[in-house]
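Just so you know, the sequences run in chain order W and R.
What the first sequence shows, in numbering that gives the first Met the number 0, is residues 0 to 397, in sequence order.
What the second sequence shows, in numbering that gives the first Met the number 0, is residues 0 to 243, in sequence order.
Just so you know, not all the hints are guaranteed correct.
[Stated by the list, open to error] Which bits of chain R does chain W cover? Going by a derived footprint, with three or more residues having C-beta under 8 Å, they are:
#1 51-59
#2 88-97
#3 100-107
Just so you know, the hints here were simulated from the structure itself, not pulled from any lab data.
Just so you know, even glycine gets a beta-carbon here, dropped at the ideal spot from N, CA and C.
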Amino acid sequence: MTKPTHKKAPHLSSGKARTPHKAAPRRVHDAVPDAIIEMRGIIKRFSNAAGEFTVLKGVDLIINRGEFVSIVGKSGSGKSTLLNMITGIDHPSDGQVIVNHNDIYTGVSESARSKWRGKNLGIVFQFFQLLPMLTLLENVMLPMDYVDMYDFDERPQRAMELLKLVGLEQFANKLPVLVSTGQQQLAAIARAMACDPPLLIADEPTGNLDTRSADTIIQLFEHFVEQGKTVVMVTHDPSLTSRTHRNIILSDGELIDETISRSLPQLRHRHMLEFTKIAERRTYQPHETILSQDQRVDNFFMIRKGEVEVVLQKARSKETILSRLGADQFFGDIELLRGGKSIANVRAGNDEVEVLMLPRADFVRVMEESPITAEAVGKIVQKRLEEHRMADPRKTRR
Amino acid sequence: MDTPLIEIKNLSKTYSTAAGDFPALKNISMTVAKGEFLGVVGKSGAGKSTLLNMINGVDELTSGEVLVHTDGQRVSVHGMSEDEKAQWRGRTMGVVYQSFQLLPMLTLVENITLPMDLSGDFKPRQARERAIELLRLVEIEEHADKLPAFISGGQQQRVAIARALANDPDILVADEPTGSLDSVTADHIFDVFSHLVSDRGKTIIMVTHDMGLKSRFTRSLTLVDGELAVKTEADDKPKRSRTK
Chain W
0 MTKPTHKKAP HLSSGKARTP HKAAPRRVHD AVPDAIIEMR GIIKRFSNAA
50 GEFTVLKGVD LIINRGEFVS IVGKSGSGKS TLLNMITGID HPSDGQVIVN
100 HNDIYTGVSE SARSKWRGKN LGIVFQFFQL LPMLTLLENV MLPMDYVDMY
150 DFDERPQRAM ELLKLVGLEQ FANKLPVLVS TGQQQLAAIA RAMACDPPLL
200 IADEPTGNLD TRSADTIIQL FEHFVEQGKT VVMVTHDPSL TSRTHRNIIL
250 SDGELIDETI SRSLPQLRHR HMLEFTKIAE RRTYQPHETI LSQDQRVDNF
300 FMIRKGEVEV VLQKARSKET ILSRLGADQF FGDIELLRGG KSIANVRAGN
350 DEVEVLMLPR ADFVRVMEES PITAEAVGKI VQKRLEEHRM ADPRKTRR
Chain R
0 MDTPLIEIKN LSKTYSTAAG DFPALKNISM TVAKGEFLGV VGKSGAGKST
50 LLNMINGVDE LTSGEVLVHT DGQRVSVHGM SEDEKAQWRG RTMGVVYQSF
100 QLLPMLTLVE NITLPMDLSG DFKPRQARER AIELLRLVEI EEHADKLPAF
150 ISGGQQQRVA IARALANDPD ILVADEPTGS LDSVTADHIF DVFSHLVSDR
200 GKTIIMVTHD MGLKSRFTRS LTLVDGELAV KTEADDKPKR SRTK
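The following block holds chain R by itself, in its conformation from the complex:
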């Protein structure tokens, strides 16, 4: 078997609160293979977002290990310093959240060039060309020079996805990315994700409380009270984007 892209070993996360210790994740072990579109489903408070924050190293774990293999390197996410982690994350993982968080005073294309400007890896013209290409990928290229206020919520989420891809990460993590969208629009966003997996070779981990979406993932895991409730529901062949 190929080396998994992500290996999570005996991961636990406990929050200390005034009311006492709260175990958000309890001894999670799992792997994610390259090219998976993995859904992490569960009720509110089950630990889904915490798990994402452990995978991308945004939050600190209490015990266990998260290993990520990219570019021929095996990285222990929580073994890095904050600086190293931020740099690694910027190259390796794009993030998409429920609220799109586009800067309202910048056009769509500027919103996407911003992370490229910040990373300093692209020259201005290169950055713009790449941003336009990413907007094309999420099919809203014609709005490139508009401000976010003038496009719909679903379109804004597409821009946020394009922004997450700005520095060409191998992995996308998405936390309830369709949570504030209607079902038709949400479906289109799923198509975008499916396409990124099947045609662009990305690996996507998506958190959702909507159990009805399970069929759209190549595999899904259910979290209950910080534990993996059921064994993985393997689905042999990755699903193709519905629109194509």
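Pulled out of the complex, with its shape left as it was, chain W reads as follows:
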């Protein structure tokens, strides 16, 4: 059937017009300039015998060019569906998906999207999906044939360069069955990058691999990101999320606010989601007071943007700056967990500050149900009280 040497497949193309009157993806004029992926109000409903259910419940998401992003969530949270919205494997029921400034659904035919995708997206799957009857080199050349990119004679050389990049050049003429699963995934990654796409999408790329192979894959992704590519990866492996710039959590079809997941990382996803829904966002101008010393504290604060100063007011207008807290740190914890009034002034630093505020009752209730997070917060409380005592040894209240 196939020669190991490169053979032209003249009609191997996605250009089959299934809906010929529809156009290719169009440029969106109000797209966020730095964004490579923009999801606006994405809803996805499925119907089955049991009725209709909503897998994605209005997802708004921006992923910027050059980011290395992981997406996590429990089984059934909608993470693969979310990826399918970006790759076009599935279609949203409502909302807009803008990839590389192009609306990939509105008025776009399957075949036009397929062609567009071939040049703009590289996709890597958990089970590699290499064609068993083609050598690794031929598998890597496949997308170039599919979208007719690069001169015909250039393709084997480019495929070989990609295999070299992933460390497989000596296996180029082997069939997938003769190399390890880790090597198969490396070849699949080389194939995904065949047409030099700006964006690489990976669905559980290490889910079927040992830790060492997984590490090689992540290093490769890091290399692509250094080269300016964007990598978005769904994973359930927490050790991988620490290697990405951003970790997006999906819970029950909704995105968790990233400030909340970074501030309280050990919280259960359902609690994070609850906080996402009830948190109030507030902005403070530079140097504006957020909490006054001795004021009753009714909220838990998480810093979204900017820096706050925790200041101890002493007699005769003297003040000591106890600490400066930045994005993804929190305050208000001491007062809420121990009860009482603010033990210090908290004010915005030199720049505007944006915080997320949670009501006391909700925070305390969730802490009671979340021993690990409560313990982590408790340790920070202890440390801060210690700093407070050292700064103000006369006061021993509480």
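Got chain W sorted already, so can you dock chain R onto it with the hints?
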């Protein structure tokens, strides 16, 4: 007696590893007749997959010979160059693995036309018609224009079988094709294979670690530590597909 379809003579395969030489197959001699549904059973590491890779020439043997008689020709599989072998394999042997390896961005019908596009033996319309016919053969024609993500694992394996048949090979080799399927679905896949043997004249060699499947083959061989453990358990008449 008719010339056997496949003759394996004194086949040995030894892998050299850092820990020393590992004999995966030890002096195997066997034949496969046309129209057999042969099961190669054995535990993990017994050499089953290695044997398949020797038969279809995917991997190199250490000593011995594999002869295949098709289209009136007698071919020494390991006597061919890599190019010749790949061409011969494409025409003669379809492969089915445990993981289906369908391309997720292509519809089922496109997944099947792909090998035909690559071989260049079919015109586009011909290829599509043939793909639809193959999907009909494995009974999932109604899903032809769906993407693999929207059908079940068992259905995906049917598509992989249809793809393996794209260039109309005489022989199918299948390595644990039901390994990731539940038993009911696996049973349906067996029906598909049985049907291909009894009604389409294909010869199938299937590797499995599941000894319980032995009764579904027309004959089975057991491999233990790289050797044929028992003499062939001949079963005179080929079994018919259960569903028909």
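Can you give the numbers of the hints that this structure goes against, from lowest to highest? none
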